[in-house]
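Kindly generate the complete structure, drawing on both the sequences and the hints.
Chains A and B, in that order, give the protein sequences.
The numbering used here numbers the first residue of the first sequence as 1 and each following residue consecutively.
The numbering used here numbers the first residue of the second sequence as 376 and each following residue consecutively.
Just so you know, these hints were derived from the structure itself, not from any lab.
One thing to keep in mind: the hints can contain errors.
Claimed, not checked - With a straight-line Cα cutoff of 25 Å, these simulated DSS-like cross-link-like pairs (lysine-lysine) come out:
{"hint": "1", "chain 1": "A", "residue 1": "K371", "chain 2": "B", "residue 2": "K463"}
{"hint": "2", "chain 1": "B", "residue 1": "K435", "chain 2": "A", "residue 2": "K364"}
{"hint": "3", "chain 1": "B", "residue 1": "K405", "chain 2": "A", "residue 2": "K5"}
{"hint": "4", "chain 1": "A", "residue 1": "K3", "chain 2": "B", "residue 2": "K488"}
{"hint": "5", "chain 1": "B", "residue 1": "K405", "chain 2": "A", "residue 2": "K364"}
{"hint": "6", "chain 1": "A", "residue 1": "K185", "chain 2": "B", "residue 2": "K488"}
{"hint": "7", "chain 1": "A", "residue 1": "K5", "chain 2": "B", "residue 2": "K535"}
{"hint": "8", "chain 1": "A", "residue 1": "K299", "chain 2": "B", "residue 2": "K435"}
{"hint": "9", "chain 1": "A", "residue 1": "K364", "chain 2": "B", "residue 2": "K482"}
{"hint": "10", "chain 1": "B", "residue 1": "K435", "chain 2": "A", "residue 2": "K42"}
{"hint": "11", "chain 1": "A", "residue 1": "K5", "chain 2": "B", "residue 2": "K435"}
{"hint": "12", "chain 1": "B", "residue 1": "K405", "chain 2": "A", "residue 2": "K15"}
{"hint": "13", "chain 1": "A", "residue 1": "K5", "chain 2": "B", "residue 2": "K463"}
{"hint": "14", "chain 1": "A", "residue 1": "K314", "chain 2": "A", "residue 2": "K325"}
{"hint": "15", "chain 1": "B", "residue 1": "K530", "chain 2": "B", "residue 2": "K488"}
{"hint": "16", "chain 1": "B", "residue 1": "K435", "chain 2": "A", "residue 2": "K15"}
{"hint": "17", "chain 1": "B", "residue 1": "K530", "chain 2": "A", "residue 2": "K3"}
{"hint": "18", "chain 1": "B", "residue 1": "K405", "chain 2": "A", "residue 2": "K263"}
{"hint": "19", "chain 1": "A", "residue 1": "K5", "chain 2": "B", "residue 2": "K515"}
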Amino acid sequence: MSKRKVFQGNIIVAKAAIAAGCDFFAGYPITPSSEVSQHLSKEFPKMGRDFIQMEDEISALGACIGASLSGKKVLTATSGPGFSLMQEHLGLAVMAEIPLVIVNVMRGGPSTGIPTKPSQADMMQTRWGTHGDHPIIVLYPAFADEIFSETVRAFNLSEKFWNPVILLLDEVIAKAHEDIEIPEKKDINIYTEKVNVIKDLNIYDRNIGENPPRVDFFKGYPIHIDGLEHDSHGWPTSDPATADKMQHLRMQKIYHFQDEIIKFNEYHMEDAEIMVFAFGVSARAALSAVREARDEGIKVGLFQPLTIWPFPKKALQERFRKVKKVLTVEMNMGQIKYEIERVSSDDVMKKTLLRANGIPFTPKEIVNSIKEFTK
Amino acid sequence: MERYEIRLGAVGGQGIITAGALLVDIAVEKEGKHALESPTYTATVRGGPTKVDIILSDEKIVFPQASQIDCFICTYQKPYDLYKNRVKDDAIVVVDSNLVPDLGGTKNWKLYKIPLIHEIKKQLGNIVFTSVVTLAITQKLTNIIDYDNMVDFVKNWAPKGTTELNMKAIELGRNLV
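Next up, the structure:
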């Protein structure tokens, strides 16, 4: 008898969140992500963990921030329209260095868009949606087992770097029911930072590249938690030297550890002359396409990033020393293609396959595009 | 077994999503296959065109939607028009003869025209059984899952008090094709 069972993508997220130690969820249900909250609304009360449905997405992320400040591992799940509403609080979480995980199951946009169809058009919103310079971590699984592992990793990274982590999912993959062997507890690597009682007011003070300590803001000394630029004990300041230092501390705590944060999969890249760059459902179509094209003798491989932000610049630049053609496939009008242009030199030929009408590319369409690219 | 693609098309509320879920559960839990069910739906819960793609294989499934459909079962005209586009030339196709009156070109399909919904209402009294009837039709025509495994699974799955009717639904499905 197989150990594998069939679960919906959204349910896999919820199960992974439970396994990762998430003990607080606040959200406002929205297609196509609703099953995450639906599942946790049933499971959390039984486990003595907290579930709350809020009146909208703004308050949902607000509640998550509050719970995280008290040491909880928190999650919310939404889609484009809700994610747009969360941008202000997302900025606060970055500024005040509050760990949390946001699942964004993308749907057609802008605005309420096409609620029931897939899209990959929030790529840049996850990077720059909230205003100001800020570090962000964005993960993007494609297969059922990756949904589980990347959800756990989202919690681990958020906990480790005291920063919001966004998990992107495609509607197709979130809504599909797929077989997966859920890992046993002993095989799941969970990172939990000890929650300290505040004994030192200078909680935001540390050296570049160091993480701040995890604290329960509601115990010990009172700390000022603010969206305003602040000094080492959280007090608002506009002192240029302090602002400069705090900006660097926040950015470097992520960018210093890029090698640890950035993950990707490669398929058939050994002798590839053409590289397909694709993520989510587009990567799954591309993998089928790459295999079909290989059967016809075309030397093509696939690079599938699991971490979108920070962008896997170093890994790609290494690949571009050997590969001279790159085909970027994305379900939007052209977003990540600009990153590919940024990290590759002019002698790398670039081609794109773009579409934003709710219909994922089929393997055949990508095969045809690869064939044209060989000419 | 190589990748096998089945598409069920209907209008929301007819029960095909359940048929797809049952099929993949049986394939994975009873037979150790890899399986994926990918539903498409509209913002309208009932009455809008829906489809579910079911993909079965001995290997991990890569592309999660149907692109070369081996078997297409459809119970309404609008989803038929919308979702027949990726059906293979030599596919098995089953349509409701009352609710899909206009077939257009039928290629080299192995075509079954049956009064599906009418018979379900008449013989089982409730279209809620469309899911299990469709499952039984799919099983018989494709043999993609084992008959005994299907019966066992449906017996365990059936809500209390409905086992007998669900067994009748399986029988009806098999008799219709």
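Check each numbered hint from earlier against the structure, then list the numbers of those it violates in ascending order. 4, 5, 6, 10, 13, 15 and 18
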